[in-house]
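**Q** One letter stands for each residue in the lines below.
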Amino acid sequence: MLLIPCPHCGVRPETEFVYGGDATVRRPDPKTASLDAWAAYIYERDNPKGPHTELWLHASGCHSWLVVERDTVTHAIGQVRQARDAAS
Amino acid sequence: MQDRFSAGRILREALGGNAGWRPWRRNPEPKPRYDVIIVGGGGHGLATAYYLAKLHGIANVAVIEKGWIGGGNAGRNTTIVRSNYLWDESAAIYEHGLKLWEGLSADLNINVMFSQRGVLNLAHTLHDVREGMRRVNANQLNGVDAEWLDAPGVKAFCPLIDISADARWPVLGATLQRRGGTARHDAVVWGYARAADRLGVDIIENAEVTAILRDGQGRFDGVETTRGTIKARTGALVAAGHSSILAAMAGFRLPIESHPLQALVSEPLKRLLDCVVMSNQVHVYVSQSDKGELVMGAGIDAYTSYTQRGALHVIEDQMAAACALFPMFSRVRVMRTWAGIVDVCPDASPIIGATPVPGLYINCGWGTGGFKATPSSGWTLAHTIATGAPHPLNAPFALKRFETGALIDEHGAAAVAH
Ligand SMILES: Cc1cc2nc3c(=O)[nH]c(=O)nc-3n(C[C@H](O)[C@H](O)[C@H](O)COP(=O)(O)OP(=O)(O)OC[C@H]3O[C@@H](n4cnc5c(N)ncnc54)[C@H](O)[C@@H]3O)c2cc1C
Ligand SMILES: [Zn+2]
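In order, the protein sequence lines correspond to chains A and B.
With this note's numbering, letter number 41 in the first sequence gets 30, and the count goes up by one each step, no holes.
Going from the second sequence to this note's numbering is simple: count from 1 and add 4.
It is possible that some hints are incorrect.
Stated by the list, open to error - To give a feel for the contact side, a few chain B residues facing chain A, derived at Cβ under 10 Å: (1) L15; (2) E17; (3) N141; (4) T311; (5) A315; (6) C349; (7) E407; (8) G409; (9) A410.
Said to hold, decoys possible - Calculated cross-link-like contacts (lysine to aspartate or glutamate; reagent style DMTMM-like; alpha-carbon spacing at most 25 Å): (10) K404/B <-> E58/A; (11) K404/B <-> D25/A; (12) K38/A <-> E212/B; (13) K103/B <-> D190/B; (14) K20/A <-> D190/B; (15) K70/B <-> D25/A; (16) K70/B <-> D190/B.
Because the hints were derived from the structure by calculation, they are not lab data.
Ideal placement from N, C-alpha and C gives every residue a C-beta, glycine not left out.
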C-alpha cells in the first residue's frame, strides 16, 4: 500500500485517498481548440513508465486535492503539493 | 518437423520411457528481415502470427518478445471465457472468439482444456437485475446464448452461494452463459506458439524492442531490439500493458492507461465449485482450477503502474466479498497472489487496426478482459494486416473512434471486467 505524505495531515495510507489521474493534462482553450486537441485532452495520456505527476484527493482526511510525484516503476513518492499551488 | 500429439503418441512414448519427446518448437536466431514483425509474445501476438501463416499464407513473420512467451498477462490471467457482452460490436467479436475456442484444441493439436462449465454474473440490486435482464435480451438478439436465473435458480445451479435474504450481498438473480467457462492459459500460449512455429513463424524471445524504425516517407521499417536490428515493411504492436511505451517509440499517443490487476489462488481443495461465478457489484469472481485451487480476482488498483504488484487492501476487499457470497470460503487459506499490468481504454473496449504510422498496426486496450478474445483478436488483426483493411468484426474498434466519438462503452453497459 502506498503511504502518501499529505502536507496538512502527515503520512497517511493510500486507502484514505482517491486517485485522480494524470495531473499534467490541461483543458484546451474552447475558443480556438481543434477537434484533435479536444480528443487528445479527453482521451490520450502519456502513461509514462517512470516519473508520473498525478492527482490524489485526501477524501478521508483534510479533503484537499494534492499533486503527487510518483514513480510508476518503483512506486516511490517524491514531492507532494497542494493542487491549488501547483496550478498557479 | 514436429510430430503430432495424440493419445496413441502418449502411450507409445510412455512405453519408450518418455525418451522420444523433442522440443515443441525451434529457438531461431533473428533473421535481418521479415515480411511482418509482431511485437509482443503474449496470446494475442502469437495468435496473430498463427492466423497470418495459416489463413493468409504469410509465414515470413517474427514474433518479438522481450521476456519469454506468456510471461505477461497471457500467463497471469484468471482464464474466464465468455461472450455475453451488451453491445452488438462486442457481442460479435467475442462470440466469434467463443466459436474459435470451441474448436481450438483440435485446430492447434494441443489440449487447451477449454471447459464450458457456465458463467454466472450475479445481481445484487434492482439495478443489477434490470441490467442483467437487458443484457440477456441483447445477447439473445445477437445469437449469443444467455439465460436469466432467479435466486432459487442460482442456488440450484451453484449450491454454494448464500442466497439468504439477510446476506450482506443478497442474490436477486443472475445471468448465465452456459457456453462460457475457462481454459488453460499456458496451453493456449504454447499451442499457438507451436502451431505458428510449425508453419514457419520465428518466435524470438529475450529480445526487447527499444526503437521503432521509419523510412524517409515515415513508413514503418523495422525495429531495434536488444538482439539487433530487424527489418520489415509491416509491423504490429501487441504489447498489452506496454502499448503506450511502444506507441511513444513510434511517435503517437494512445487513449490508454496501465494499471496493476491482481489475482490469487487458494490452497488446493476437493471439487466444490463447478462453474464460474462473477459479481461486478462487489468486484469479485471465482472459479476452481483443475488442480483444485480457487482462482479469484478483483478490480484494478486505482493508480497507473508498470510494476507487476498491487496493494493488499484490494485483495482484502475482494476476499470479504467472496466470504460473504460463499461462507465456507472463510476458512480457506490464500496460497499466492500476483498482478499483471493491464492496458485500460476509456470505453473498456479494445483498439485493433491502423495507427498514424503507415505500415504499423496496433492491437491493445483489452484491459482486464482480453484472454477470452485471444483467438478472435489474432484472427481479426491477421486479416487486417494481410488485406490492409479491417474485417467487419474489428472495424468498429479503430483508434479513430476516440475522434469520431463512436465509442463502444462496455464500462457502464455490460458485465465489465474479465
Ligand atoms: C490478474 C489478471 C486477470 C485476468 N483475468 C482475465 C479473465 O479472467 N478473462 C479474460 O478474458 N481476460 C483476463 N485478463 C486480461 C488478459 O490477460 C489480457 O487482456 C490479455 O492476456 C492481453 O493480451 P496478451 O495475452 O497478448 O498480453 P501479454 O501476455 O501481456 O503480452 C504482451 C507481451 O508483450 C511483451 N512486450 C512488452 N513490451 C515489449 C517490448 N518493448 N519488446 C518486446 N516485447 C514486449 C510483454 O513481455 C508481453 O509478453 C486478466 C489479466 C490479469 C492481469
Ligand atoms: Zn490531508
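**Q** Any of the earlier hints contradicted here, and which numbers?
**A** Numbers 1, 2, 3, 9, 10, 14, 15 - these are the hints that the structure violates, sorted from lowest upward.
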